[in-house]
Structures are given as C-alpha cells and as structure tokens.
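Asks: Given next are the chains, with one letter for each unit.
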Amino acid sequence: MLIKKGAEANLYLEERFGRRVIIKRRLAKKYRIPELDNELRTYRTIHEAQIIHRAKEAGVPTPIILLIDISRKEIVMEYIHGRRIKEVLEEASSKERENICREIGRLIGKLHSNGIIHGDLTTSNMILTSDNRIVLIDFGLSEQTKELEARGVDLHLMRRCLQSSHYSHAEEAFEAIMKGYSEIVGEKETLNVLDKIKDIEKRGRYISGR
Amino acid sequence: MYSLGIESTADDFSVGIVSSDGEVLANIIDAYKSESGGIHPREAARHHADVAGKVIQRAFIEAGVTPKDIDIIAFSQGPGLGPCLRTGATAARALASYLNVPLVGVNHCVAHIEIGKLINRAEDPVTLYVSGGNTIVSAFEAGRYRIFGETLDIAVGNCLDVFAREAGLKMEEGKPPGRIVEEYASRGERYISLPYLVKGMDLSFSGLLTAAINLLREGRYKLEDVCFSFQEVAFSMLAEVTERALAHTEKTEVLLTGGVAANKRLQEMIRLIAEEHNARFCKVPKEYALDNGAMIAWTGILSYKCNITTPISKSYVKLKWRLDEVDVPWVEGEC
Numbered sequence: 000m001l002i003k004k005g006a007e008a009n010l011y012l013e014e015r016f017g018r019r020v021i022i023k024r025r026l027a028k029k030y031r032i033p034e035l036d037n038e039l040r041t042y043r044t045i046h047e048a049q050i051i052h053r054a055k056e057a058g059v060p061t062p063i064i065l066l067i068d069i070s071r072k073e074i075v076m077e078y079i080h081g082r083r084i085k086e087v088l089e090e091a092s093s094k095e096r097e098n099i100c101r102e103i104g105r106l107i108g109k110l111h112s113n114g115i116i117h118g119d120l121t122t123s124n125m126i127l128t129s130d131n132r133i134v135l136i137d138f139g140l141s142e143q144t145k146e147l148e149a150r151g152v153d154l155h156l157m158r159r160c161l162q163s164s165h166y167s168h169a170e171e172a173f174e175a176i177m178k179g180y181s182e183i184v185g186e187k188e189t190l191n192v193l194d195k196i197k198d199i200e201k202r203g204r205y206i207s208g209r
Numbered sequence: 000m001y002s003l004g005i006e007s008t009a010d011d012f013s014v015g016i017v018s019s020d021g022e023v024l025a026n027i028i029d030a031y032k033s034e035s036g037g038i039h040p041r042e043a044a045r046h047h048a049d050v051a052g053k054v055i056q057r058a059f060i061e062a063g064v065t066p067k068d069i070d071i072i073a074f075s076q077g078p079g080l081g082p083c084l085r086t087g088a089t090a091a092r093a094l095a096s097y098l099n100v101p102l103v104g105v106n107h108c109v110a111h112i113e114i115g116k117l118i119n120r121a122e123d124p125v126t127l128y129v130s131g132g133n134t135i136v137s138a139f140e141a142g143r144y145r146i147f148g149e150t151l152d153i154a155v156g157n158c159l160d161v162f163a164r165e166a167g168l169k170m171e172e173g174k175p176p177g178r179i180v181e182e183y184a185s186r187g188e189r190y191i192s193l194p195y196l197v198k199g200m201d202l203s204f205s206g207l208l209t210a211a212i213n214l215l216r217e218g219r220y221k222l223e224d225v226c227f228s229f230q231e232v233a234f235s236m237l238a239e240v241t242e243r244a245l246a247h248t249e250k251t252e253v254l255l256t257g258g259v260a261a262n263k264r265l266q267e268m269i270r271l272i273a274e275e276h277n278a279r280f281c282k283v284p285k286e287y288a289l290d291n292g293a294m295i296a297w298t299g300i301l302s303y304k305c306n307i308t309t310p311i312s313k314s315y316v317k318l319k320w321r322l323d324e325v326d327v328p329w330v331e332g333e334c
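As you go down the protein sequences, you meet chains A and B in turn. The opening position of the first sequence corresponds to residue 0 in numbering that gives the first Met the number 0, with each subsequent residue numbered one higher. The opening position of the second sequence corresponds to residue 0 in numbering that gives the first Met the number 0, with each subsequent residue numbered one higher.
Simulated from the structure, these hints should not be mistaken for laboratory data. Small disclaimer: the values here were computed from a predicted structure and weren't measured. Among the hints, erroneous ones may be present.
Said to hold, decoys possible - Covered by chain B, per the in silico footprint, the following chain A stretches (three or more residues, Cβ under 8 Å): (1) 30-42; (2) 140-152.
Said to hold, decoys possible - Think about it this way: if two alpha-carbon atoms lie no more than 30 Å apart in a straight line, the pair counts; the simulated DSS-like pairs of lysine-lysine are: (3) Lys198(B) to Lys29(A); (4) Lys282(B) to Lys4(A); (5) Lys197(A) to Lys198(B); (6) Lys304(B) to Lys282(B); (7) Lys187(A) to Lys198(B); (8) Lys285(B) to Lys317(B); (9) Lys169(B) to Lys32(B); (10) Lys198(B) to Lys85(A); (11) Lys178(A) to Lys195(A); (12) Lys197(A) to Lys317(B); (13) Lys187(A) to Lys201(A).
Note that beta-carbon positions come from the ideal geometry of N, C-alpha and C, so glycine has one too.
Isolated chain B (complex conformation) (with noise of 0.2 Å):
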C-alpha cells in the first residue's frame, strides 16, 4: 500500500509517499523564500499553488510509482497558517477525489513524532518538538500524545529568527537565521544574564527575545557573546521541561526533532539529559526533522490502518489543531 502526504503548515510545500512498510519513496520539500525574512501567509500560500503540480510530479518520478499506485491521499489539516493549510488541503481533495482513494487529515504534530519514531526505530519517547511555530515536550499517555509543557507565546524558532533579524545578522542563501545565530553563539565566551522563564512545565520566549534585543541596542557587548548568551538560556530552559518530562515518566526514550533540533548545542544538551536518565537519544535527519510530507504520507498509513479516513466534508483546515486533541490508537498496537 502506498500513501502520498501533503504538508503545506506553512513555508515548505512537501510532498512524499511511503509504502505500508515504512519505506520512503519520496520526500521532496520546495520552500517558500521572502525577502525580508519571515512568511507572509498569503505570499507562501501562493508560492505553495505555483509549484504544488511540480512538486507532486517530481514526487512521482523520483518513487518511481504512478498516480494508480496510490492508496491513500494524506495532507497536513493542521495546526498552521490558514492559505498554506487550505492550499495543500484543496490540492489534497482534488487528487483523492480523482484518484477516488480515501483522504486522511493529519496533524502536523502527531506526524513529527511518527516519523522522528519510524527512523530511529523508537518505541515510546519523550519528544521535544521545537520548531518556527511549535514548542512542545509531550509524551504518549493513555491513547494520546499529552503536552507536558509548551510555550505560552512565541516558538523557540519564531523567537530565534525574530533576533537574527533583529540582530541584523547576515543572512546566506540556504542557511536558517537559527543557524546563523548558532555560528556566532559557538564564537561566543561570556556570559551575560538574560530572563530565563520557566512557568511550572511551560515555557516563555517573549521576554528574553526582547531582552536580548534590547542588550544588543545598548552595544556594550559583543554580538557572539549575546548570540551565546541567549542561545544557553533559550535551550537550557527546554532541556530543563525535557527532563522534567523524562524523570516524571520514566520513559527510556527521548526524541528530538523539528527545525531547530538541527542546532548542535540544543542536540549535545538533550543528548547530556538521556545519558543522565539511562534514556536513548534520539535525532532526526534534517529532511525529516523539518516539515516534510514524508511524515504526513506515513502517518496517514498509521490512521487509515485504525479506520481513520477523512471525508471531503470534514476535511477543513483546522489551524490550531492542539497535539493533544488527537487520538492515537495505532500507538498501543490497537490496529
């Protein structure tokens, strides 16, 4: 059985197709670029029109499958920006209802964690899920993915591009502001205090994005020292939920994954709290670990083979789509 996922949460169009067994065919991710930093909704809503026909054609050549071979249509329902979601959405319809194969709605977040677990062949783990909009430590937990933290406004990643820009930070073709941000925090030495805001199990970026914004304006203190500074406090206080989450539920797995899972002081962090807590760690290729359609594709197998299909009537976007709204039967062996 063969499985074509579309995500389109919000800057990259993606499109892969799996098989049944876990093998990915395909996995081709077109990003959105502005040029003034950041994603204008509609403006990558539109890009995500322009190349979704390519998009899914190359996808087709490179699994060497034809559109008959295809089972099922899976596509990102949410969480995200609304033109993106509604753009891959109505190309979703369009393919499932010519195709006549049933259409699977996943959430975006349920498929990081699916796919981060089918590459690292991973049971059970803690997850710490950090991306341009997401911010989530969570664990499976009678039938559901449950959050044990998150962040009470800005995303690590939203909260890492903002400064990059504000920080007026080169940036290079290809490259996140993230890993731009990375690449002067590793030149950095000195420490300089920012807020560090750890709210029970949630988490707050708002304040020390503005702090660090704030200490750069005042000029008294070197831009690698500041870029390490608020790169130690950002990651320390998810490393911090991430073992809180691990101690409490003794799980022996953790996983990290999203975009800014590529930062290597953020993976050497996590990788310190599993050996503490006699865990696995495990780490996501970049293809995956970014917003992709392979996990869509995959995680749409996983429903349909539990009965879950979407009906064209009920497959609006949905863009706050929480992780933990989603059952999750597959995870316990049900189906």
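Isolated chain A, as found in the complex (with noise of 0.2 Å):
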C-alpha cells in the first residue's frame, strides 16, 4: 500500500517475514539516461542504508533494515510503531515538551558528533515509541560531514519546523533542543554552532516568509 508518493522515492507499507514493513523504493526518471538512472538510484540506495546504520551506532535510534534490494532500488525497513512528534507535541504539558525536546536535541548532538547530517530535521521525521524512544527516519537528504555550516543548516530546518508547525512555543522548543544538544557536543561546539545558525539566517535566502 503506498502511504507517501516523494519527489525522488516512495514508501510503501506492506506485510514481510511475517511483520509490518515500510520499503522505500527509489523511482526511475524519466528525464535522466538509464545508465546514470541506475547509478544515482542504486549509489543513494547503499548511501541511505549506510547512514542509518551509522547513526544506529552512534546511538541514535533509527528503523532496523530488514533488507537492500539493489536491483529494485528498495529498502526494507522495520515499521515503527507509534506517534509523530508533530502531534504529541501538541498535546504535551510543558513539562513533557521540555524533555521530549532535550531529547530531540541530545540525539541531534550524537549524529552531528559522529558526523552524520540528517538533513531533513522536521518533527514529522521523528516518531515516539510506546516504549518512550524517539526513533529518527528518513535518511534520504542525509550526508557524512563534520562541516559548521552543514550542522548550522541541519539546526536551522529544525528551527524552522518548529516556527511553522508548533508556532507557539517554538522557541522555548528550540532552547530545549539545543539544551540536550549541548549535553551532547559541549558548550563551546554549541555556541559556535548558534552562531553560524544566526549567519545562514541573516543570509537572504533563508530570510523566514512564514
């Protein structure tokens, strides 16, 4: 059953070895020659699964794949079971919110001092479990940097998720976030981050419309 039809894949959800799974199989372009089709599709495909396996290590909790199947460009990945961020920080007290943020922010500093950029950082992109995990999914954007500015970038789309989806308490959201992400990576790695955080959004290009 497709259940989220993207620009560059779609998911799928579906019954395999006996359990709920979500595959993520890359699409064909037609606009590109089928070679480079092929090389692109195949080289994220590896790329992705790599990723989430890293940040796996890294102790960040991500979807367990079950299986990479190169020639249809899939992944088949366990389906986490529970709900989005997007709407359990809605209903949270504060109280809960502030935790579940420092959480967020904890796991962010783990990928970020492991190289990882998630690059898609937005609060549908993080599910919690019934067992209070917060588990991170798609990979897709992700890329292996330890660059500033790729953090900053990785922070900044956090930041404005939070603006545009949880309007009213996004900066008390955001400081939460970057609470944890200090426990994380440390004070002076944190205030070198804000910083470059507060240049990508003097740029014009990131000026906020809304």
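With the hints as a guide, bring the two chains together.
Replies: Shown next as structure tokens:
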C-alpha cells in the first residue's frame, strides 16, 4: 500500500517476513539516461542504508534495516509503531515538551558529533514509540560531514520546522533542543553552531517568509 | 507609458523599449566578443561604452518613438561584472536626468523571470534560470522570489564554456560554446561516469568540470562521448533540483530561461518533469532568454507601478545583489 509519494522515492507499507514493514523505493526518472539513473539510485539506496546504520552506531534509534534490494532500489525496513512528534508536541504539557525536546537535542548532538547530518530534521521525521524512545526516520537527504555550515543548516531547518508547525512554543522548544545538544557536543561547539545559525539566517535565502 | 531598459551585466549591451501593456517595441542586443573566449570585464565595459549611443539610437528607430515619449529609464543594477554594470548605469543616469524622468534600478535575475512570465502569460512558475553567470531554481513565496537551489561554485553556463575551451572545440562565429558542446553531445553514445553533485537543493559544477577535462586529457574516450556524459550529468542535476522544487511548491508552471535554456536536451528534460507533475512547460524565445534590454524595461514598468524608483544618489551598482533580496510587490497584484 502506497503511503507516501515523494519527489525521489515512494514509501509503501507492506507485510513481509511475517511483520509490517516500510519499503522505500527509489523511482526511475524518465528525464535521465538509464545508465546514470541506475547509478544514482543504486548509490543513494546503499548510502541511505549505511547512514541509518551509522546513526544506530552513534546511539540514535533508527529503523532496523531488513533488506536492501539493489536491483529494485529498495530498502525494506522495520515499521515503527508510535506517534509522530509533530502530534505529540501539540498535546504535551510544558514539562513533557521540554523533556522530549531535550532528548531530540541529544539525538541530533549524537548524529553531529559522529559526522552525520540528517538533512531533513522535522517533527514529522521523528516518532515517539510506546517504550518512550524517539526514533529518527527518513535519511534520504542525509550526508556525512563535520562541517560547521552543514550542522548549522541542519539545526536551522529544525528551528524553521518548529516555527511553522509549532508556532506558539517554537523558541522554548528550540532552546530545549539546544540544551540537549549541548549535553552531547559541549558548550563551546554549541555556541559555535548557534553563531553559525545566526549567520545562515541573516542570508537572504533563509529569511523566513512564514 | 513607455520604458527604456538598459542591460549591461556581462558581455551583452542591450536596450529595450517596452510599453506599459507589455508590448516589446524594440530589443537591440550588441554582444562583446573576445578572441580568447570568456569575458574580460574591462574590455567588455569598453565595448559597451563604444556601442551604447548607437544601440540606444537603433532602439528608438526600431520602436518608432522619440526620447520625449519615454516615461522611465530602467537599468540592470546587478548582479554582474562591475565595469560592465557601471557603464550601463552611467548611460541610464545620463538619460534619466537629461529627459527628466524617473530612474529604476532593476535586479537582473528578477527581470529574467518577469520577461519569461510575460512572454508565456505565466502566473506563478517554478523558474530554472541557467546562464553563464547564474544557476538558480526559484519560485515566488511571501513577497519575494525565493531561491530553492543554486550553484555553490560556478554557473552551469560557465562550466560548459570552460569545458568547450579546454576541450579545444572549434568555435564558430555566432555560436556560443555551449551550443558546440551540444552538437558533439548529440553524436555521443556511451555514458562515462562523472561526478554528480547535488547537495541538499544546491548544485556544484566545479568538480564535474575538472573531471570531464581530465577524462579528455586521458585520451581514452571519444570527444563526443565525453560531451554527451558531461551534458547528461550537468543537466540531470538541474532537472532533479527543479523537480524537487516543483514537488515541494506544487506550482503548475515551469519556466526555463537564461542562455543555457536554448539547449534542446535540457528543454526535453524539463518538459518531461513538467509533464510528470501536470505542470505547463514554459519556454522562452532566445531574444528574451539571453540578457536583453526588454526584460529590464518591462521590470522597470512593474516596479514603477508599485512606486519603486531609484534616486540617482542610490543608483550605485550592486555586484552581488541576490534575487531573494528583492521585494516584488507586483506579483501579488498589490499595485
């Protein structure tokens, strides 16, 4: 069953190996010649699976990968039961919100200190499970780098998401995230990254329209 | 109301005359040519100064209007090459003060989008603007043309030009280097893997350029195949970012403009993407896709109608004036 149609890949919810799984399939593009199309989709499928795995090594909960099917450009992964942080944050008390955001900050800190940039940090890409873990999903835009710029953009996108979807407590949520982040990467690096974010937001292209 | 627009951001000096209802009465383009390829800014500026009077005169003759009929003088205030911009700005200031009409400084990138919209009767497109100096994917949102993706290093047109020169492709009078690469590419058959660099929504072409040149120097591959592979990779990168912007914004038009927009293979790719997303593919005829005065004149009218003018004291050129720094209140019909 198709559950999400993206510009690059589709997500399907299916039954495999006697359990519910998510299948991420990268789609062939008509505008590309088949050789290049095949090369890109193969590379990206492998790359995404590798990063999901490395995130796990860094101590960040991510879906378990069950199968990588190179010929079909598919990643078959565990279906995460739980609720999206996007909805959770809306109903949570201020104390719960603080705790959740701190934990999100710690997870981002773990990614960054291991040279992983998620690339699409939104509250729709985080799931709170019944055993109170936060699982990060969709590493389709992720990359491996330790560059300050990349970390700044990653966190800036997180903030943008909070401002657009969780307007009333965006700043307090972001502050809690940065507190959690600081626990992992340390105060000095946190200040560096906050400076960078300011820098990025000053640039014309990131002046938030809404 | 008539607007006279002066364009001089790079190698073209151009003057256009456009009426307030969007009729282009004249659009004269005079290009600077260098012997070695590329643009030497000071020499290009000298060319502009040499031809300015003649081009302005030709525009008046072609439009069938006299200087007295002109209501505003628009000029490209940036982004571009300093000496070239200053030459155009000087001509514009002189004309505006002599005729005693308002001066309007126009952003070159905004002008490319506006003329493309005018010609295609498009309302709200995702635009892929590709030229020797710019590589931008943009769409209107909240008062400005926002940049969804852009090059992190060199423009795709620059990448094609340098490649053509390094490859020693035989240049022909009146043909841009990219056109010659396109001709070789159309005879290529074999794809050779080259670096494909899309970072988030941004693009990088410098690594591709170096790799393609190294490939040629190795001498193991046919020139046609290298051109073919080079073009396929560069344009697939552009197409991917354009498609993402289209999927994200859910707009129903795609506008392809700039000098590189003349490439047939790139047109085909963008057309396929438009079809896939049920959007209308808007192409721009060459005289309005290349740098031209008509687009400056037309954008001058749009700005002027919103009471945007540029006093001479603020008419200094802006070499790095970004597309998304410009408020475009006319898009939402506020004026």
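Asks: If a hint holds in the structure, say so; if it doesn't, say that too.
Replies: A quick look at each hint next to the structure:
no.	hint	in the structure
1	30-42	holds (count 7)
2	140-152	holds (count 3)
3	Lys198(B) to Lys29(A)	holds (21 Å)
4	Lys282(B) to Lys4(A)	holds (28 Å)
5	Lys197(A) to Lys198(B)	holds (21 Å)
6	Lys304(B) to Lys282(B)	holds (27 Å)
7	Lys187(A) to Lys198(B)	holds (27 Å)
8	Lys285(B) to Lys317(B)	holds (26 Å)
9	Lys169(B) to Lys32(B)	holds (16 Å)
10	Lys198(B) to Lys85(A)	holds (26 Å)
11	Lys178(A) to Lys195(A)	holds (17 Å)
12	Lys197(A) to Lys317(B)	holds (24 Å)
13	Lys187(A) to Lys201(A)	holds (22 Å)
The structure shown violates none of the earlier numbered hints.
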